[in-house]
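Visitor: Chains as they are written, first to last, in full-length UniProt numbering: chain W, 1 to 511; chain L, 1 to 572.
Since the hints were derived computationally from the structure, they do not count as laboratory data.
Keep in mind that a hint or two might mislead.
What the hints assert, rightly or not - Dumping the calculated EDC-like pairs for lysine to aspartate or glutamate here, alpha-carbon to alpha-carbon at most 20 Å:
1) K108/W <-> E202/L
2) K164/L <-> E127/W
3) K471/L <-> D371/L
4) K464/W <-> E202/L
5) K539/L <-> E127/W
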Amino acid sequence: MFTLPQKESKAPTTCPGPASTQDLDSNHGDGLERECSRKPDWKLPEFCGVGDPTATASSDSSHLSSRGSIIKWFWDSAEEGYRTYHMDEYDEDKNPSGIINMGTSENKLCFDLLSRRLSQSDMLRVEPSLLQYPDWRGHLFLREEVARFLSFYCKSPAPLKPENVVVLNGCASLFSALATVLCEVGEAFLIPAPYYGAITQHVYLYGGVRLVCVYLDSEVTRLDTRPFQLTVEKLEMALQRANFEGVKVKGLILINPQNPLGDIYSPGELRDYLEFAKRHKLHVMVDEVYMLSVFEKSAGYHSVLSLEGLPDPQRTHVMWATSKDFGMSGLRFGTLYTENRDVATAVASLCRYHGLSGLVQYQMAQLLRDRDWINQVYLPENHARLKAAHTYVAGELRALGIPFLGRGAGFFIWVDLRKYLPEATFKEEMLLWRRFLDNKVLLSCGKAFQCKEPGWFRLVFSDKAHRLCLGMQRVRQVLEGKSQVPDDPASCQSQESGNQRSGGETPPAVL
Amino acid sequence: MSHRLGMFRMPSAQMRGQGLRNQRIHTHLMEMMLHLKQTIEKNLMHLTTRHLQQDLVLEEQRHSQAASEQEALLGRLMYQLVNLLQSGAMGGLGLQPSCPSLDVRHDVRGGQWAQSPRQPDWPVHQLSDLEATFVSQHLSSRGIDISALYHSSFQDYKIYQRDKYHEDKNTMGFINLGLSENKLCLDLMTERLSQSDMNYIEDDLLQYPDWRGQPFLREEVARFLTYYCKVPDQLDPENVVVLNGCSSVFSTLAMVLCDPGEAFLIPAPFYGGFAFSACLYSKVELILVHLDSEVTDANPHPFQLTVDKLEQALLEARLTGKKVRGLILINPQNPLGDVYSRDSLQGYLEFAKKYHLHVIIDEIYMLSVFDEFITFHSVLSMESLPDPNRTHVIWGTSKDFGISGFRFGVLYTHNREVASAVSSFGYLHGISGIAQHKLCRLLQDREWIDKVYLPTYRSRLQIAHGYMTKKLEALGIPFLNRGSGLYIWMNLKMYLDPCTFEEELLLHRRFLDNKLILSRGRTYMCKEPGWFRITFADKPLLLKQAMHRFYQVLSEQKQDLIMKQLENAQRE
Chain W
1 MFTLPQKESK
11 APTTCPGPAS
21 TQDLDSNHGD
31 GLERECSRKP
41 DWKLPEFCGV
51 GDPTATASSD
61 SSHLSSRGSI
71 IKWFWDSAEE
81 GYRTYHMDEY
91 DEDKNPSGII
101 NMGTSENKLC
111 FDLLSRRLSQ
121 SDMLRVEPSL
131 LQYPDWRGHL
141 FLREEVARFL
151 SFYCKSPAPL
161 KPENVVVLNG
171 CASLFSALAT
181 VLCEVGEAFL
191 IPAPYYGAIT
201 QHVYLYGGVR
211 LVCVYLDSEV
221 TRLDTRPFQL
231 TVEKLEMALQ
241 RANFEGVKVK
251 GLILINPQNP
261 LGDIYSPGEL
271 RDYLEFAKRH
281 KLHVMVDEVY
291 MLSVFEKSAG
301 YHSVLSLEGL
311 PDPQRTHVMW
321 ATSKDFGMSG
331 LRFGTLYTEN
341 RDVATAVASL
351 CRYHGLSGLV
361 QYQMAQLLRD
371 RDWINQVYLP
381 ENHARLKAAH
391 TYVAGELRAL
401 GIPFLGRGAG
411 FFIWVDLRKY
421 LPEATFKEEM
431 LLWRRFLDNK
441 VLLSCGKAFQ
451 CKEPGWFRLV
461 FSDKAHRLCL
471 GMQRVRQVLE
481 GKSQVPDDPA
491 SCQSQESGNQ
501 RSGGETPPAV
511 L
Chain L
1 MSHRLGMFRM
11 PSAQMRGQGL
21 RNQRIHTHLM
31 EMMLHLKQTI
41 EKNLMHLTTR
51 HLQQDLVLEE
61 QRHSQAASEQ
71 EALLGRLMYQ
81 LVNLLQSGAM
91 GGLGLQPSCP
101 SLDVRHDVRG
111 GQWAQSPRQP
121 DWPVHQLSDL
131 EATFVSQHLS
141 SRGIDISALY
151 HSSFQDYKIY
161 QRDKYHEDKN
171 TMGFINLGLS
181 ENKLCLDLMT
191 ERLSQSDMNY
201 IEDDLLQYPD
211 WRGQPFLREE
221 VARFLTYYCK
231 VPDQLDPENV
241 VVLNGCSSVF
251 STLAMVLCDP
261 GEAFLIPAPF
271 YGGFAFSACL
281 YSKVELILVH
291 LDSEVTDANP
301 HPFQLTVDKL
311 EQALLEARLT
321 GKKVRGLILI
331 NPQNPLGDVY
341 SRDSLQGYLE
351 FAKKYHLHVI
361 IDEIYMLSVF
371 DEFITFHSVL
381 SMESLPDPNR
391 THVIWGTSKD
401 FGISGFRFGV
411 LYTHNREVAS
421 AVSSFGYLHG
431 ISGIAQHKLC
441 RLLQDREWID
451 KVYLPTYRSR
461 LQIAHGYMTK
471 KLEALGIPFL
481 NRGSGLYIWM
491 NLKMYLDPCT
501 FEEELLLHRR
511 FLDNKLILSR
521 GRTYMCKEPG
531 WFRITFADKP
541 LLLKQAMHRF
551 YQVLSEQKQD
561 LIMKQLENAQ
571 RE
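Whenever a hint applies, use it, and build me the whole structure from the sequences.
Guide: Structure follows, in structure tokens:
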């Protein structure tokens, strides 16, 4: 059933401690969901300001089911920042004063290489078997290729097996399917926050599964040797707290390299987290979607698949996709690797709804097979370009005296703009985000990642130099108080009147 | 749902090797039930004796350990039960290799299937392997349901995937006429999709898309549907959402139109995929509007859908407290092949409007009408829809263009709310940008579709249909002679004695034993046993081979029936 679990009524709505439960709390849905959890009849909350759901959802809700209204709200609010962006996208020639997107984590540095490769003649094969109903786990030729590919790039001690591979249309689908087959409605996964906020929607839409945040601090202390460090103690505390609140936690989500921190877990840390999960019989979903986007060699990335003797192989599920590492978020290709055949089978049972075109499967197999091109052309070039772009943005930030994290992996830098907030609230963070947007640069604010400290922003640097340059210029203008576009007093006012709580705002969606 | 039980029901007749096998399963089942009962009793005893212990901490530990052990044991037993029940549904496939020319390889594989309904190379699920089945405790209960439902619904398909008939390489392989897949025009499609305009890559195709579908594709879909559905006014691309297949479209609609436990009306028999989709993710119930084959005054055509029947089913459902949110129509109908007249359609839509029901209308076979005397009326062609905000149309390329592997489905709805809500799922049902480009090119090429593809497709359908119907007539098998779809709905009741779903299942297995896959009426929720759907949209040579096997099975079956009747007569 999709009704909100009664457990939630027990969850304290005040005083979010280090592990307060996110009642289907999302990058966009905070206010809405919290309100909903108090009202069993699913009435949408009175909620004004940005992305007001009542305006649309209550207008003619007779056409939608209760859950349909919530689902629609995800769409409407996700649209907010991006609708503005899409209506006014920057284009060098046609719209030079348009919005620069430094909010979406996409790699736009290698289209030239990719389109050349994807246009080669070996990609163009069409054969009848590719046009017919497939094996829902993915065509065997592709699963074999994925197994070989991951064996090689994840440095697995033994060759990975094609029968442990399930292919579907992106990691979003994978999160959704895993949530569905591992949890009952209302159960939860632990996730260290800040995290890639869209996961909230992925596990909730079909699965009705919630995320319990393991909040990380920016402050460096005796125990935390680096900002936002994940420790087993924090995991334990978050789990205990969730148990105390009556929330059943079934698993732990790890993102490695981490999004938005750019953090990389050492093999020792990884093993600690996995041991923790084993102790509590938690599934671990490791999202390694940025594994080949480690552009700083010294960072020393280790896939979970490279570990000798996984603590609990039957509960360890690895996700990878081409969206980030091959800059093809529009291709919709994601893959699961799990030794647990029951999980693989159960996920495959849902693949009827998450399949990808046979022709694209063929192209993916061709791409992953071309080790020469990947190793000699694509990866070196991609890493060099990422590094150059990173160096540029990092330099700009340093010049501005802005603290940031960025450890040589991913497409983004986690930026500390706390000193620019007159008050340490999410409302101020939101206002700053809007000032950026008004000055035609789209960023993602920390709230969208469930960061508990207001004032952090994620800045995506994997874009062409001229756009990056212009984007940074606009960022600087805002921070130095020299925005070209004056703030719109009307929009500020409507927000103020609508938001009593700092958390009740709608931050922009994050992709 | 009762139909799920039906799939697992054991045949009562002691026939051939199956009787023996069923008996064995039965005994096995009884033993396991007993074991289960004992375990539960033991568990209860533990719980009740708990307070007698003094040392609370120790007791707590001991108790939780015992509980988890027993939980594991219970889980294991339940899983085995499910396995057993499923192997029952699978039946004696392979136990009775009735095809004498089966080579050794097939025999061996058959033997494995007999042990386990699942793929032979997935030993995890074999009954004997206790430790392996243990891992099922990793899944949530709905996860187990999903797996089990999938296994029971797609067993035949999986066997077929592993051992497909090939005219040169595997003449003993399975011929699948149970799946509604259009294989008549793969040559044309392959050629068209290989043309250079298809291979175009640009930045936009590789980036995060508009989750409703790329604007260029939605525009093309709107134009395409406007033309082929003969829409009075141009359709609006803003009302189009494209996802990776019609199952996805239906699944999302069920999510946003119904809350769990709410229901849709659907005339039965109907395409089983709806039942699958309804319970897999969305937990929506289907209320069946049963149609009769018998022709009477009130029922001038076999399986005719009337507003009276709809109304009756709706009111009955409401009496039992069911909240019915909509009506599902398939037009052209699957498996009947019926095409609704404009008046009937109007009637159904008016009925829905009267009761504030959404109408989900699946027109996935709209271009597969091959009888020139039949006119298909898309619901979009109506001058004024009775309730446009509650009318949602589904179409896809899987059937009409024979590219089920492309994963492309379309929703057209005037209701922006519904379109937006469905779009939230775009993330989970997205189509590759590259595939979207190809689809756009395909739909754009009106000249090729109208002058090359459709004429060839329809004439091939006609020929294949003609061949198949002639064969059926020669065998004296009653069937519905319709001019649309890829399949024929036929009545094999006369081969069943008694005429029950158990016997229907046995006949189905007999076809399987002879490497022929058909789909039986039960999977379409037909209320009369004995109906089967046979697909004819395949190559002539394959059809010939299939009909040969078909004939063989029916002769065997007839022989058995005669023997049985003789035995009965002697006994009396």
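Visitor: Does the alpha-carbon distance linking K164/L and E127/W stay inside the 20 Å limit?
Guide: Status holds; Cα separation ~16 Å.
Visitor: Hinted pair, alpha-carbon criterion (20 Å max): K539/L, E127/W. Please report holds or violated.
Guide: holds, 16 Å
Visitor: Given the hint that K471/L pairs with D371/L, does the C-alpha gap stay at or below 20 Å?
Guide: Within the cut-off at roughly 19 Å; holds.
Visitor: With the threshold set at 20 Å, check whether the alpha-carbon distance from K108/W to E202/L stays at or below it.
Guide: Since the Cα atoms of K108/W and E202/L sit roughly 12 Å apart, the hinted pair holds (cutoff 20 Å).
Visitor: Does the structure keep K464/W and E202/L at a Cα separation of 20 Å or less?
Guide: It holds: about 16 Å lies between the C-alpha atoms, which stays within 20 Å.
The earlier numbered hints are all upheld by this structure, with none contradicted.
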